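With the hints as extra help, turn the sequences into a complete structure.
2 protein chains.
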Amino acid sequence: MTEPTLHRIVVAGTGRVAWNLCKAFVEKGLPIHEVVGRDLSRTMALAEFAKTRAVTGIDKMTREADFYILAVSDDAIATVAKQMPPTDGLVVHTSGMTGDKVLKEYFGRSGVFYPLQTFSVGHYPDFEQIPILVQADSENDLAYLSQLAAKLSNCVMRSNDHQRQTLHLAAVFVNNFGNALFDMAAQILEKEQLPLSLLEPLILETASKISRQTPSQAQSGPARRNDYGTIHQHLNILKEYPQLEPVYQMFTEYIRKKYLS
Amino acid sequence: MTEPTLHRIVVAGTGRVAWNLCKAFVEKGLPIHEVVGRDLSRTMALAEFAKTRAVTGIDKMTREADFYILAVSDDAIATVAKQMPPTDGLVVHTSGMTGDKVLKEYFGRSGVFYPLQTFSVGHYPDFEQIPILVQADSENDLAYLSQLAAKLSNCVMRSNDHQRQTLHLAAVFVNNFGNALFDMAAQILEKEQLPLSLLEPLILETASKISRQTPSQAQSGPARRNDYGTIHQHLNILKEYPQLEPVYQMFTEYIRKKYLS
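Residue numbers (our numbering), protein chains in the order written: chain P, 5 to 265; chain D, 5 to 265.
There's no promise every hint is true.
It does not matter which identical chain is used: a pair holds within one copy or between any two.
Unchecked claim - Taking lysine-lysine and the BS3-like style, the derived pairs with C-alpha atoms no more than 25 Å apart in a straight line are:
#  : residue 1 : residue 2
1  : Lys195    : Lys261
2  : Lys195    : Lys262
3  : Lys32     : Lys105
4  : Lys64     : Lys243
5  : Lys105    : Lys243
6  : Lys195    : Lys64
7  : Lys261    : Lys243
8  : Lys195    : Lys105
9  : Lys105    : Lys55
10 : Lys105    : Lys86
Simulated from the structure, these hints should not be mistaken for lab results. All values reported here derive from a predicted model rather than from experimental measurement.
Right, dumping it as structure tokens:
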């Protein structure tokens, strides 16, 4: 009797995190009890994908579930929490930045369930590789979250707000800023009518290197070897891209300083 | 009779590019005629790897080969060229930045053979995926280089100095600067005793996204959505990492400006 009750899971939200979580749960044989959203067609689309029923209207959500995942944007977490019916279930959000306090105001049992990845709708990275950070007040709930997370992922970590937020900040550096570098490279190539796809093998190799070497060991390039001739040539080309010159200067300075013997 | 003569290949250099090129040639059934280096043990190690003979001393290099690849650092290209015996063969360098003029001073037939990738000794990315940029003066030599490159790679491009140098600059953004971002993330995590491996799935996913979306479409994060609350929290954490704060500010400004509606 206990197993099915243990996993009556509700997912609130119809965005990228909700889709990826639904897929991961269903694939691991953990059915979703209901999917809750504001927009009818979006909620129905996700419900169909997750083979479950759609509920539109936060206040119409069941109060009988064991586990509620608020896979909504940071701004919406408190709003959704406020509109939810009271429940004895465990309520978590999936944010990298929002503190664990927000949900405590509204629920007896609350926590955090943060999958550290960038998600898209329609593309599903292997969930088993994705670190999941869990937080909860009671040891019981923490154990429950850890077990549930371990069914989805091989990498589950108990964290606190500060650790999670620090990881989120580091994630912004590699993902948001890393992507911005790709965008800058695309701009540079665009003027020469060269496609960014020429850099794809290099970008993938750069990313895969961190499993073999520390970034500090892997660092190469003109700034690393104090190759002023090349730096000078690069800055010459960059005269055509004034918005990118300060970026080049900043990284060159950063790398030079770091490896100054 | 012509086939074997056509591909009497000499590789000068014993660094990462030389090892990767030797491996690619040998794997494609294009034997290396000899490997030439300064250091005896390094040259012998590469010659053994490439199943060919080792020649130490640039001046002792055969003059009878058809194709000479100077897989040496930018600084060394002219020096090696000067010391080489005269030859009727085609001599190329493998640099992203050095102009095609350098070798013209010394040889009747010269060019460029630039594989666009970051190489390590002991790790060999799939050469078929690596773009090779080729340059030569005569149409004959260009056709020869293109054919040879096409045996190693599915992506061969005829270029000129400016295109190649522009690609090299863009490569510095995604590889050298991208790796520097990984290093910054590692610093952030180190203080919390968290391993960079937690970010590995995110880093790989970020890299693989460019095959599905432009970086501009893929851009996400607090700067992209003008989420000042999160930016403020991040800057708060960054007070402990004063060297990284300007990097955060710069990217945040760059992304905000770019997507300003």
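Exercise. So which of those numbered hints doesn't the model satisfy?
Worked result: Violated: hints 3, 4, 6, 9.
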